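> Read top to bottom, the protein sequences are chains B and F.
Residue numbering for the first sequence follows my numbering, beginning at 1 and increasing consecutively.
Residue numbering for the second sequence follows my numbering, beginning at 1 and increasing consecutively.
Note that these hints are calculated values from the structure, not bench results.
Here the structure is a predicted model, which means the values were calculated and not measured.
Wrong hints could be hidden among the right ones.
Pairs of lysine to any residue, SDA-like flavour, derived with a Cα cap of 20 Å [unchecked claim]:
| no. | chain 1 | residue 1 | chain 2 | residue 2 |
| --- | --- | --- | --- | --- |
| 1 | F | 331 | F | 288 |
| 2 | B | 331 | F | 126 |
| 3 | F | 331 | B | 149 |
| 4 | B | 149 | B | 102 |
| 5 | B | 331 | F | 233 |
| 6 | B | 331 | F | 331 |
| 7 | F | 149 | F | 119 |
| 8 | F | 331 | B | 181 |
| 9 | F | 149 | F | 104 |
| 10 | B | 149 | B | 96 |
| 11 | F | 331 | B | 110 |
| 12 | F | 149 | F | 121 |
| 13 | B | 54 | B | 179 |
| 14 | B | 54 | B | 32 |
| 15 | F | 149 | F | 329 |
2 protein chains.
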Amino acid sequence: MERYPVGMVPGPVRCPWEVLEAYRGEYGSPDLEEEFAALYRHCQGRIGALLNSKGTVVIQSGEGMLALWGALKSVMAPGDRLLAVSAGVFGSGFAQMGLSLGLEVRSVDFPFNSVPDPEVVRRHALEFAPRMITLVHCETPSGTLCTLKPFGEIAREVDALLCVDAVSSAFGAHLDLEEAQVDLGLIGSQKCLSMPPDLAITVVSPRAARAIRQRGYQGYDALMPFLSSPEPGAFPYTHNWRALMALSASLELIEAEGLERVTARHLRCSRLCVEGLEEMGIEIFPERREYSSPTVTAALVPQGIAWSELDRRLRAMGVVLGGSYGPLAGKVFRIGHMGNQAREHLVQRALDALQEALCGL
Amino acid sequence: MERYPVGMVPGPVRCPWEVLEAYRGEYGSPDLEEEFAALYRHCQGRIGALLNSKGTVVIQSGEGMLALWGALKSVMAPGDRLLAVSAGVFGSGFAQMGLSLGLEVRSVDFPFNSVPDPEVVRRHALEFAPRMITLVHCETPSGTLCTLKPFGEIAREVDALLCVDAVSSAFGAHLDLEEAQVDLGLIGSQKCLSMPPDLAITVVSPRAARAIRQRGYQGYDALMPFLSSPEPGAFPYTHNWRALMALSASLELIEAEGLERVTARHLRCSRLCVEGLEEMGIEIFPERREYSSPTVTAALVPQGIAWSELDRRLRAMGVVLGGSYGPLAGKVFRIGHMGNQAREHLVQRALDALQEALCGL
Numbered sequence: 001m002e003r004y005p006v007g008m009v010p011g012p013v014r015c016p017w018e019v020l021e022a023y024r025g026e027y028g029s030p031d032l033e034e035e036f037a038a039l040y041r042h043c044q045g046r047i048g049a050l051l052n053s054k055g056t057v058v059i060q061s062g063e064g065m066l067a068l069w070g071a072l073k074s075v076m077a078p079g080d081r082l083l084a085v086s087a088g089v090f091g092s093g094f095a096q097m098g099l100s101l102g103l104e105v106r107s108v109d110f111p112f113n114s115v116p117d118p119e120v121v122r123r124h125a126l127e128f129a130p131r132m133i134t135l136v137h138c139e140t141p142s143g144t145l146c147t148l149k150p151f152g153e154i155a156r157e158v159d160a161l162l163c164v165d166a167v168s169s170a171f172g173a174h175l176d177l178e179e180a181q182v183d184l185g186l187i188g189s190q191k192c193l194s195m196p197p198d199l200a201i202t203v204v205s206p207r208a209a210r211a212i213r214q215r216g217y218q219g220y221d222a223l224m225p226f227l228s229s230p231e232p233g234a235f236p237y238t239h240n241w242r243a244l245m246a247l248s249a250s251l252e253l254i255e256a257e258g259l260e261r262v263t264a265r266h267l268r269c270s271r272l273c274v275e276g277l278e279e280m281g282i283e284i285f286p287e288r289r290e291y292s293s294p295t296v297t298a299a300l301v302p303q304g305i306a307w308s309e310l311d312r313r314l315r316a317m318g319v320v321l322g323g324s325y326g327p328l329a330g331k332v333f334r335i336g337h338m339g340n341q342a343r344e345h346l347v348q349r350a351l352d353a354l355q356e357a358l359c360g361l
Numbered sequence: 001m002e003r004y005p006v007g008m009v010p011g012p013v014r015c016p017w018e019v020l021e022a023y024r025g026e027y028g029s030p031d032l033e034e035e036f037a038a039l040y041r042h043c044q045g046r047i048g049a050l051l052n053s054k055g056t057v058v059i060q061s062g063e064g065m066l067a068l069w070g071a072l073k074s075v076m077a078p079g080d081r082l083l084a085v086s087a088g089v090f091g092s093g094f095a096q097m098g099l100s101l102g103l104e105v106r107s108v109d110f111p112f113n114s115v116p117d118p119e120v121v122r123r124h125a126l127e128f129a130p131r132m133i134t135l136v137h138c139e140t141p142s143g144t145l146c147t148l149k150p151f152g153e154i155a156r157e158v159d160a161l162l163c164v165d166a167v168s169s170a171f172g173a174h175l176d177l178e179e180a181q182v183d184l185g186l187i188g189s190q191k192c193l194s195m196p197p198d199l200a201i202t203v204v205s206p207r208a209a210r211a212i213r214q215r216g217y218q219g220y221d222a223l224m225p226f227l228s229s230p231e232p233g234a235f236p237y238t239h240n241w242r243a244l245m246a247l248s249a250s251l252e253l254i255e256a257e258g259l260e261r262v263t264a265r266h267l268r269c270s271r272l273c274v275e276g277l278e279e280m281g282i283e284i285f286p287e288r289r290e291y292s293s294p295t296v297t298a299a300l301v302p303q304g305i306a307w308s309e310l311d312r313r314l315r316a317m318g319v320v321l322g323g324s325y326g327p328l329a330g331k332v333f334r335i336g337h338m339g340n341q342a343r344e345h346l347v348q349r350a351l352d353a354l355q356e357a358l359c360g361l
């Protein structure tokens, strides 16, 4: 296949050596060995500690969308009210998913280049009295990050569960689940954890756990079977031992560096990226600098230039950036500086290549 | 972790070097690269050819249970009739899954040491007029394999869809999906494909595809999004490029050896295993030799011996076999000679260790 020395797509992220090594090992059956259950519990504890949660960390075998579907279906019954806060593609996605489940959905929409306004959301929440509020921490397609805390307060005020898609923010941006009062924190392995896209992680608060047990939903994505004590034979399917070893290796890298230093590194990369783009005369997509996510920078494709052509030129120089999705396709491009890609020298190489590519256009 | 030179658990199977190497590579984003879509299509075509199907091969990111849930939920609506044919743990599992979905379920149960009797099933099918018939090709926990063809004929006769769990038979036992008129053929990666448990494969007949489109079910396990042409951006989530490369490597091993030779090797291992056990005076679990699956041999734990103690002794000799599940736990043990473990020298080592372990008891 084509190989590019500088891969800066906002997920799946390039995996470090330590993570990939885990896949080469030979392991026994996760259904039989206490060692696997111990590894699972060890990962649970470390994730809970890093993200400050006293809840249950559920680790499922599949891509991050598994966490999104699992959270919605495990809690919500047809007719239940979902307040879908949307300032981007994934925020709107929650509304669509809710409709497909027969929920009563109210969307609270904000421009894709901004972040949700808590006061507006609060008004709707008080009026609508939802069972769940969905929110996206980092909207990867638009490169924005919102502040969670006010939404946690709103959720408590109206007695709703707060479900937060933290797929591309967790372990890269500041995320304190207790402080933000998040009931369902959704994480994917291929973003700031720098793993392949093979694990979906959901941090379930005690409140959410009660709701899940009450609902009793069953399915591949069901969270309920994971709420009981993880022991050999207690998992609903043969888990992925290699992926759990990779997760353990990824967490070890984060722990060794220290999560605060990790998030500071992401912030430095973000600043370098935003300032570098602005120096080149490229406008970043978020309407204010402070909305820009520390994990990914979205910028406008310069007027008169086709993204496909820019992409082609960048690839010829060994650099791959991301385009965007939905209404942003062709208009926005993205530099993913998350996890293993949150390295200043990589961001600089991407910026240099971009400058060179634009010169010739 | 503890390592055992001879791992003969009936899945997850020990992975060959060629398969594990695929996980070390660096790949781009499956959402962006046509190369990934081409790889996916290439795997589809080869699986269709090996299993003789003109249907759509769906490859999902997750464990084999994803295929089971996906098939049921993608086709069946609450109130629909499911005829669950059961001669084992997974057969009964389908009935339970159906009940959890609000289906009208009729179970046709046979003893776990036998295989389903087509005449009995036919009578129930004519009477019950189900929308779907579920059947398990190889009941791994009881080590049995049934003949599919009569059930395909019954399904056509009553105009039902035939859904077959071929998780631990496909690529190890004879399986011709067209000949058997299977509408949904369910496969997991960690059995005869000798991969980690990270892919679920469903072969969808044109009849089943129509039913899936009509139902319009959405979810992580939904088959519908995979029925359209696989192109970059058309997948419902970021797929697992490494797992697809591993699948490709696994298929290459099968193609190089030739599927007929592969299934013949499984049969030889099965015979060696069954005869070896009987020579030792150990009774195999299936009530007739011809019910025994070429991929796994289930046998009765000898009277007066605790499986836990036998297991401990075998492990001390570097050999891991499988126990069993549900009503068979403690009574039945299993030797998994599937995929990369279907090697006569490995079966012989397992038998030798068993003999030695039993001598001391």
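> Each hint: holds or not?
Structure-based check of all given hints:
no.: 1; hint: F:331 / F:288; verdict: 18 Å, holds
no.: 2; hint: B:331 / F:126; verdict: 58 Å, violated
no.: 3; hint: F:331 / B:149; verdict: 54 Å, violated
no.: 4; hint: B:149 / B:102; verdict: 29 Å, violated
no.: 5; hint: B:331 / F:233; verdict: 16 Å, holds
no.: 6; hint: B:331 / F:331; verdict: 64 Å, violated
no.: 7; hint: F:149 / F:119; verdict: 13 Å, holds
no.: 8; hint: F:331 / B:181; verdict: 48 Å, violated
no.: 9; hint: F:149 / F:104; verdict: 25 Å, violated
no.: 10; hint: B:149 / B:96; verdict: 25 Å, violated
no.: 11; hint: F:331 / B:110; verdict: 61 Å, violated
no.: 12; hint: F:149 / F:121; verdict: 13 Å, holds
no.: 13; hint: B:54 / B:179; verdict: 11 Å, holds
no.: 14; hint: B:54 / B:32; verdict: 28 Å, violated
no.: 15; hint: F:149 / F:329; verdict: 31 Å, violated
In this structure, the hints that do not hold are numbers 2, 3, 4, 6, 8, 9, 10, 11, 14 and 15, in rising order.
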